[in-house]
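Protein chains in written order, with the numbering used here: chain A, 1 to 153; chain B, 1 to 588.
Hints are supplied without guarantee of correctness; some may be wrong.
[Claimed, not checked] Anything over 10 Å on all C-beta distances counts as not near chain B; from chain A, calculated:
#1 Lys6
#2 His13
#3 Glu14
#4 Ile20
#5 Gly31
#6 Pro34
#7 Gln61
#8 Leu98
#9 Asp103
#10 Val126
#11 Leu149
#12 Lys151
[As the list claims (entries may be wrong)] Across the chosen pairs, the derived CB separations fall in these ranges:
#13 B:Ser411 x A:Lys114: 27 to 37 Å
#14 B:Ala332 x A:Lys6: 55 to 65 Å
#15 A:Gly97 x B:Lys561: 41 to 51 Å
[What the hints assert, rightly or not] Okay, derived cross-link-like pairs now, EDC-like style, lysine to aspartate or glutamate, Cα gap no bigger than 20 Å in a straight line:
#16 B:Lys583 x A:Glu140
#17 A:Lys136 x B:Asp427
#18 B:Lys548 x A:Glu150
#19 A:Lys136 x B:Asp425
#20 B:Lys457 x A:Glu140
#21 B:Lys581 x A:Glu140
#22 A:Lys87 x B:Glu529
#23 A:Lys93 x B:Asp578
#24 B:Lys528 x A:Glu150
#25 B:Lys457 x A:Glu150
In short, the hints are calculated from the structure, not lab data. We put the beta carbon where it would ideally sit given N, CA and C, even for glycine.
What follows is each chain in one-letter form.
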Amino acid sequence: MDNILKDIIKNYHEKAGNIISLLQETQDAFGYIPREAVDFYSQELHIAGSRFYGVATFYSQFRLKPTGKNKIVACCGTACHVRGSEKIINGLKRELGLTEDEDTSQDGEFTLEKVACLGTCSFAPVVLINGSIYGKTGTETVLKEIRKLEKGK
Amino acid sequence: MVIRVCMGPAGIAAGGKEVLDAFRQCLSEAGISAEVKEHCSSHQVGCIGLCAKDVLVEVHKNGNKTTYQYVKPDMVERIVSEHVIGDTPVQEWLADSDCENFYRKQVKVVLSDCGRLDPEDIDAYIAAGGYEPTREVLATWIPDDVIEEIKASGIRGRGGAGFPTGLKWELARRSKGTKKYLICNADEGDPGAFMDRAVIEGNPHSVIEGMLIGAFAIGADKGYVYIRAEYPLAVERLKLAIKQAYERRFLGEDIFNTNFRFDIEIKLGAGAFVCGEETALIASIEGQRGMPRPKPPFPVNRGLWQKPTVINNVETLANIPYIIRGGSARYASLGTEKSKGTKVFALTGKIKNTGLIEVPMGISLREIIYDIGGGIEGGKPLKAVQTGGPSGGCIPASMLDLNVDYESLASVGSIVGSGGMIVLDEDNCMVNMAKYFIQFTQSESCGKCVPCRVGTKRLLEILDRITRGEGKEDDMELLEKLSNGIKSASLCGLGQTAPNPVLSTLKYFREEYKAHIRDKKCPAMVCKELLTYSINEEVCKGCGACLKACPAGAISGAKKKPHKINADICIRCGACFDVCKFKSVGRE
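Isolated chain B (complex conformation):
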């Protein structure tokens, strides 16, 4: 008998800890028969996935799994008394069909143990077959075998660029030098993506294992995990996992009684998006400003402290034990011809089932959004899907049958990226989205090269004036020209991909740009400078809610009499529109 309470980021935010405490308390005091009590444990697990319905609780009893959704602490007592002690699940709180659909089309490789194993318990990981792939590799394989196996699996880097992992390892192996490093890149800076965080919080040992196998393959004896300081729980769990691994002598000297030695050190990132770029990350570990340098030389030849260095993403490394355990052929059977395996996405935005999903490469966007995601929240039509974060693009609703893999997404001007997938509906303005991402890349640009530093600034200025209704007739051409210049002339991946959100929205949503520039209108009603608010006097009840909410004092009117907005004073903040219960405030 096991009770699992989701303690992922969203689970904790929804009150997972309180629910967990309530279970612990209820189970100990509610007079559960001793027999049940002995086998009954409630433990915390990483992300179960369907964050929109948090707190999710699974009750495993007599081999049956029952899932409850939206669990609050005051519901725990009844679940314990009726389901745990009695034998009748509380019907009205059970997870609905959304939950079943959410999991049906997913294939869990990286996330298979997330939400199942206690991430703070190394024994649970070992009992599930963990560290066995490492033992096998260290004791009976030679490094070249590992590289061949990883190459045969076809896995490509999950950090965004999609470089073949096996090839990267091979290049580092062949690189001259006795001292080599392996770095795990956990500096997940993409706003709206939390896959790496979920993997580390949910199954840190799989990442350590991936690092061990990788280090053996390339011949490194020292590894670093570069992780964001903004992820305190992930850092804590990783520290604990590393400590446990040292205690079992899976790290340190003479691992598994071989002469292989490997140490892992954690380096905390300090909040710079550009540090996701390999050479910038290396500079940051060396304690400097995280600025990229020209390549070549590539890090596999000259990286950290001028030594050959491999940098792999968290998700890539977490795949490695699975590949070794089941063989490259099993892994390669998932996905498409050129994109193998699965990919974890953070499915968010205007979608019903927000959450963390893992799907085989090549699945269509339609399946992700309508089958797994349950469709659009709020019933408005789908407008676009944004993938790849600030380096990616917006894919219009008309392309929903597109397959999700490296090549297909690149062909429409987006990228797989680290795995953010944000669903947009008719209420989202595409010019505003482009501006949002450029704002982000502009402020994160390190400033080393001119095309990125100055170019993104100019892009932002143009987009800003368009959203303020001051766009000029030739602005769209200017944006395109500037974007192409930045793409081809920037030093690193940040600048080379920064214009993608602008180019893709220009390509697929040109009419919307035109509406802003020519008609001075924002069709999605987002750009506030282009909106005017007015009160429909026939509908207004004179309740005064808008008058109170207006921060500018632009609304006047006597009690129970229709109110008015003074357009000269109005700052277009939309507060009146939000508070009006009678929908009498209109905007256009």
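The following block holds chain A by itself, in its conformation from the complex:
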């Protein structure tokens, strides 16, 4: 991890104000913002860790915990909402045993992410499972795919 962090920070010694881009690069590398990364940047750049966390928790793109092996993205845009995405999300949460604020299942297999709009409203409601798109879908279809993945693990 150290080498990756050193590599990322190289460009930021000069323009230290650019916390957002720095965190974006970090998340690209690790999939989330590890605590070690923030500690490291904080020391190197002489910026308080709280400022990094301030930015990281403000923007929905950043996550402080690793994602599960399989990534499910459920669109919560308005078009998806009026065509029943709420039902699908409730079904998924039930299936994965997620409580209100959790997004990753206990066994670390699945992460359920909600996004505001994928821009494919003509296929509403839309769910992405590991990058494959399921459009005009229903709870049953999505759950079937999830169960397939569960079996294959």
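Since the structure of chain A is provided, determine the placement of chain B on it from the hints.
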């Protein structure tokens, strides 16, 4: 001979890439005569518009355009052999009359080149007259001429608030200081809107050109495009377009051999709706939490790094080359007295022809929904149209003859907004819609000012209890009072407009609120806490589908015998209702 495959967001989702590959493969292997092959190119284009019928493919042959709908890779071979090689279009796959109606009432200005030009090819853009307006402006105009021309065109900001663009430029021009910035706001955070994304993916050079002309007018030498990281394709295409523009020296130093210099840098947004607000966006570019600050001072006086800054929306900028090329009078001939030009809308929801449309300002909602949109999908009656996303309102079906322009929509409690237009039918609960939007604004509220941070939270709690059947008699008055307080006391546009979905549904759908509060019923059958499910034993075949689907184990019954739902265990998820093929599961 050109074959165009729609590669907009929906086109790609429907398998556009596979169709494109199939065409490439079929054309190269199917033994097409050399003559055809030479002129034959299939290239990817941005959004053609009618996303509901994707993948759309246009075959341009001998000056004729033929459009195919719902194209799948396995259909390509036949299209190539019968239409491309032979000369007979495959009749049964042709786009139907919906397609023709969809385009008939539209006027394409911003989207005119989307779906026609290859967005990754700057030469195609130049060949179509691109960058000529910039050259003309830089070489022969003075900045004040540009401002006058834009003012005369009457164009107003397309990001939502509708501030006159020419006036904004003039204020920035007059603002003291030598260093000025122009920012293109492509942080399209409105859920259910993808216009800006489509413009950047379909015609990125028009946005760059708009920025160049704007920068010349206000005297900026540096521009930023603030774009959502969630739009990877748009980012990629924009990067490529900027690189190409630098190579042609349309960006950088001494543009068109004048002493004008302009650089563009891309800044990736990190997913915060409030960053659509100008001062919050500036804070975000500066690398901080995207929180707004009180205005004045306005960004045109003190913006990015305390320097005069103009922030324009993507669609606004994409209009600029058109205005310069054809003159302000041509542009001003479109639209109404106070709202000029066209507006792009993302038409979605319960509508037949979902897609991206561009219409002249002042067109009626009825024309959009029934002529362009082809009416309601599924045949249920229209209930309302939601415009303006979380800052807008729901317009009831009785007001369909309303004109779509800034003033008319504001007069009924909604806004044009960035251009989301969501059609709702009788199956949509208006209390639930209000709750949905408040949920969104509440979680996106930055928390800086109390009316927005606490107010939206309280709104959500009240709406939540109403949808759970625990609403109180005076909740409607409380919602109204609270909403008006939030509107007048919030710091920025997010809070000032957040209550609009609540106020407009309260105004036009009061009976529905009453049904939830007094009768504990949801007329649209959406609010699950207010529903009860039961099985009609006479219709039930005992197939067991519901029993298997029920996640709570609330359904019992022997095979081939009518099943029963235990209401005490039932979690009202509706899974049984969805799977029953015999419609024996009822809900009320």
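Hint-by-hint comparison with the structure:
1. Lys6: 21 Å, holds
2. His13: 14 Å, holds
3. Glu14: 13 Å, holds
4. Ile20: 5 Å, violated
5. Gly31: 14 Å, holds
6. Pro34: With a cut-off of 10 Å, proline 34 of chain A remains clear of chain B, as the shortest Cβ separation is near 17 Å.
7. Gln61: 4 Å, violated
8. Leu98: Per Cβ check, leucine 98 of chain A is outside 10 Å of chain B; nearest 13 Å; holds.
9. Asp103: The assertion about aspartate 103 of chain A holds, with a minimum of 14 Å to chain B.
10. Val126: Not fine: 8 Å to the nearest Cβ puts valine 126 of chain A too close to chain B.
11. Leu149: 18 Å, holds
12. Lys151: 17 Å, holds
13. B:Ser411 x A:Lys114: 27 to 37 Å: 34 Å Cβ-Cβ, so the 27 to 37 Å window holds.
14. B:Ala332 x A:Lys6: 55 to 65 Å: 57 Å, holds
15. A:Gly97 x B:Lys561: 41 to 51 Å: Because 32 Å falls outside the window, the suggested range is violated.
16. B:Lys583 x A:Glu140: OK: lysine 583 of chain B and glutamate 140 of chain A at ~17 Å, within 20 Å.
17. A:Lys136 x B:Asp427: Holds: lysine 136 of chain A and aspartate 427 of chain B sit about 16 Å apart, inside 20 Å.
18. B:Lys548 x A:Glu150: Measuring from Cα to Cα gives roughly 18 Å; hence the hint holds.
19. A:Lys136 x B:Asp425: Distance ~17 Å between lysine 136 of chain A and aspartate 425 of chain B Cα, so the pair holds.
20. B:Lys457 x A:Glu140: Given that 20 Å is the threshold and the Cα spacing comes to 33 Å, the pair is violated.
21. B:Lys581 x A:Glu140: Between lysine 581 of chain B and glutamate 140 of chain A the Cα gap is close to 14 Å, so the pair holds against 20 Å.
22. A:Lys87 x B:Glu529: At roughly 13 Å apart (the allowed maximum being 20 Å), glutamate 529 of chain B and lysine 87 of chain A satisfy the hint.
23. A:Lys93 x B:Asp578: The hint holds at about 18 Å.
24. B:Lys528 x A:Glu150: Roughly 28 Å between the alpha carbons, so the hint for lysine 528 of chain B and glutamate 150 of chain A is violated.
25. B:Lys457 x A:Glu150: The given pair, whose Cα atoms are some 37 Å apart, is violated under the 20 Å limit.
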